Amino acid sequence: DTGVSQDPRHKITKRGQNVTFRCDPISEHNRLYWYRQTLGQGPEFLTYFQNEAQLEKSRLLSDRFSAERPKGSFSTLEIQRTEQGDSAMYLCAATSGSVNTGELFFGEGSRLTVL
Amino acid sequence: GQQLNQSPQSMFIQEGEDVSMNCTSSSIFNTWLWYKQDPGEGPVLLIALYKAGELTSNGRLTAQFGITRKDSFLNISASIPSDVGIYFCAGLANFGNEKLTFGTGTRLTIIP
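In order, the protein sequences belong to chains L and V.
Counting the first sequence from 1 gives a position; our numbering is that position plus 1031.
Counting the second sequence from 1 gives a position; our numbering is that position plus 234.
Hints in this document: simulated from the structure, not taken from any laboratory.
Remember, it's a predicted structure, so these values are computed and weren't measured experimentally.
Check each hint, because a few of them may be wrong.
As the list claims (entries may be wrong) - To give an idea of the chain V side of the interface with chain L (calculated C-beta under 8 Å), a few residues:
# : residue
1 : Thr265
2 : Leu267
3 : Gly276
4 : Phe322
5 : Asn331
6 : Glu332
7 : Lys333
8 : Gly337
9 : Gly339
Unchecked claim - Restraint ranges, calculated between C-beta atoms of paired labels, are given here:
#  : chain 1 : residue 1 : chain 2 : residue 2 : range
10 : L       : Leu1091   : V       : Pro273    : 23 to 31 Å
11 : L       : Thr1051   : V       : Thr258    : 34 to 42 Å
12 : L       : Asp1032   : V       : Pro315    : 20 to 28 Å
13 : L       : Gly1047   : V       : Thr302    : 42 to 50 Å
From the three backbone atoms N, C-alpha and C, an ideal C-beta is built for every residue, glycine too.
Construct all of the structure, not just a fragment, from the sequences and the given hints.
Okay, here's the thing in structure tokens:
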């Protein structure tokens, strides 16, 4: 158990629908990341929160994507008007400390399939 | 986005064999890490390396941080069935940088 829970584990949706994923890290994890992993590839960085502040976003995060961490605890990742290219595993990772060492605790991921 | 190059892409070995895989980059990384991912799960950290030339072990796993800072190697000795999975290298360009860059992965399969 990494202390990072994600929900739902699987989501199937039709193109054009909105979807939301949730990540719950343990309270000690002040740093929270979202990554996207497509089939046969390694995870790709999407965005980073330190407590409730979103401090970095990747160019991969188009304007259809939005992430929040309102109270510095759980986080949500929303995709609006989904496209087939959004089909992927969305991974949440978290850790504690003031500096990123790369040592992240990943959740089990939320797999999105867009039909 | 940028991904590190890993080789081989896949390996088929017999239980008990040793395994070697590597990861290369066109740019320098100041931190190298190795993660393992089982099917349907998130990656789990195996080893972290913070100094060029560093050699670090974790049980049967040994990893090295290349002198050029552009590569890293992972060795697994005396493989067992639970070693099956996908191994990813990952790099941080600068200590404190938030973006972890992952490799393309090496899939390890053990032939019965």
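- Message: A closest beta-carbon separation below 8 Å is what the hint needs, so does Asn331/V meet it against chain L?
- Response: Since the shortest Cβ distance to chain L is 7 Å, the answer is holds.
- Restraint outcome when Leu267/V is required to lie within 8 Å of chain L by C-beta distance: At about 5 Å, which falls below the 8 Å cut-off, the nearest Cβ of chain L leaves the hint on Leu267/V intact, so it holds.
- Item | Given hint Gly339/V near chain L, where the shortest CB pair must fall under 8 Å | holds (6 Å)
- Item | Agreement of hint Lys333/V with chain L interface, Cβ distance less than 8 Å | Holds. Min distance 4 Å.
- Query: Do the beta carbons of Thr1051/L and Thr258/V sit within 34 to 42 Å of each other?
  - Reply: holds (38 Å)
- Item | Cβ separation of Asp1032/L and Pro315/V, checked against the hinted range 20 to 28 Å | holds (22 Å)
- Does the CB of Gly337/V sit less than 8 Å away from some CB of chain L? holds (5 Å)
- Query: Between Leu1091/L and Pro273/V, does the C-beta distance stay in 23 to 31 Å?
  - Reply: Distance hint for Leu1091/L, Pro273/V holds at roughly 24 Å.
- Message: Quick check on the hint: Phe322/V CB to chain L CB, less than 8 Å?
- Response: For Phe322/V, the interface hint holds, since the closest Cβ of chain L sits about 5 Å away, which is under 8 Å.
- Under 8 Å, Cβ to Cβ, is where Glu332/V needs to be relative to chain L, so tell me if that hint holds or is violated. Because about 4 Å separates Glu332/V from the closest Cβ in chain L, which is inside the 8 Å limit, the hint holds.
- Measuring from the C-beta of Gly276/V to each C-beta in chain L, is the shortest one below 8 Å? holds (3 Å)
- Does the hinted range 42 to 50 Å hold for Gly1047/L and Thr302/V at CB? Since Gly1047/L and Thr302/V have Cβ atoms about 48 Å apart, the given range 42 to 50 Å holds.
Of the numbered hints given earlier, the model fails none.
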